[in-house]
Amino acid sequence: RDYVEQINEQDRNKEHRLLFIVDELGAFIADSGKKLHDIGTLAEELGKVGKGKVWIFATGHHSVKDIVENAREFDGDRVWLEGRFHLRFQLTSENIEEVLEERLFRKNTKGESALNKLYSEKQGAIAELGRLTKTSRTLRTYDQSSFISCYPFRPYQTVLVHEIVQQIRTAGGRTDVLTGSTRTILALTQGILESESRRDMGYLVPFSKFFEQLLDGVEIPHEIRTE
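Per my numbering: the sequence shown = residues 19 to 245.
Hints may contain errors.
Said to hold, decoys possible - Derived lysine-lysine pairs resembling BS3-like cross-links, with alpha carbons at most 30 Å apart: (1) K66 x K52; (2) K71 x K52; (3) K83 x K128; (4) K69 x K52; (5) K128 x K227; (6) K69 x K83; (7) K125 x K83; (8) K135 x K125; (9) K69 x K53; (10) K140 x K125; (11) K140 x K128; (12) K66 x K83; (13) K227 x K140; (14) K125 x K227; (15) K71 x K83; (16) K152 x K53; (17) K140 x K152; (18) K152 x K128; (19) K227 x K135; (20) K53 x K66.
Simulated from the structure, these hints should not be mistaken for lab results.
Just need the whole structure built from these sequences, with the hints factored in.
So, in structure tokens, the structure goes:
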């Protein structure tokens, strides 16, 4: 509060905005009703003192609604708390694919050229390897563009892994078995790329590699590993 008032006084005639970031909101609050109420009060106070020039940006692996429902002894108004965060954004599996392709799968010119040549020579076999059978779901399949952008993975793998991670996180009513599914998928994928980096051109990552990384690199309770 004091800092915001100081900035307002110093920059009285200037256009500015302050961004207050709360990272891992759900991890901070856990099941504490008091912390949940404190966050709501903080947002309300900054709104008043900052006169609309202080924005709060909170990240988390759960929605505000889920965080409120998980908090114990919270006797406040859920609508009041949710009203402190007007704009909400949620990463979908499509967003995760974009992040993976931009951060981990991007190829240099030489790599793109080699993959273009490989696809031209093995188009039929590649298309067959990228097709799922005996399923009613329609998932992304191979074309030349997706082969290059996703290589050495198949286009549908990250979508399915995202769903698997989410199911593990909530298995048996647990909500925090793994860290956020998006971050987990990035870590899993990067781990696979590092472990398989010496493979010859044309190698495609089998789905089993995701499970190996998941079991070796992520903290999962024993009972869920068994399941």
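Hints versus structure:
no., hint, verdict
1, K66 x K52, "holds (21 Å)"
2, K71 x K52, "holds (26 Å)"
3, K83 x K128, "violated (47 Å)"
4, K69 x K52, "holds (25 Å)"
5, K128 x K227, "holds (26 Å)"
6, K69 x K83, "holds (26 Å)"
7, K125 x K83, "violated (40 Å)"
8, K135 x K125, "holds (14 Å)"
9, K69 x K53, "holds (24 Å)"
10, K140 x K125, "holds (19 Å)"
11, K140 x K128, "holds (18 Å)"
12, K66 x K83, "holds (24 Å)"
13, K227 x K140, "holds (23 Å)"
14, K125 x K227, "holds (21 Å)"
15, K71 x K83, "holds (25 Å)"
16, K152 x K53, "violated (48 Å)"
17, K140 x K152, "holds (24 Å)"
18, K152 x K128, "violated (37 Å)"
19, K227 x K135, "holds (26 Å)"
20, K53 x K66, "holds (20 Å)"
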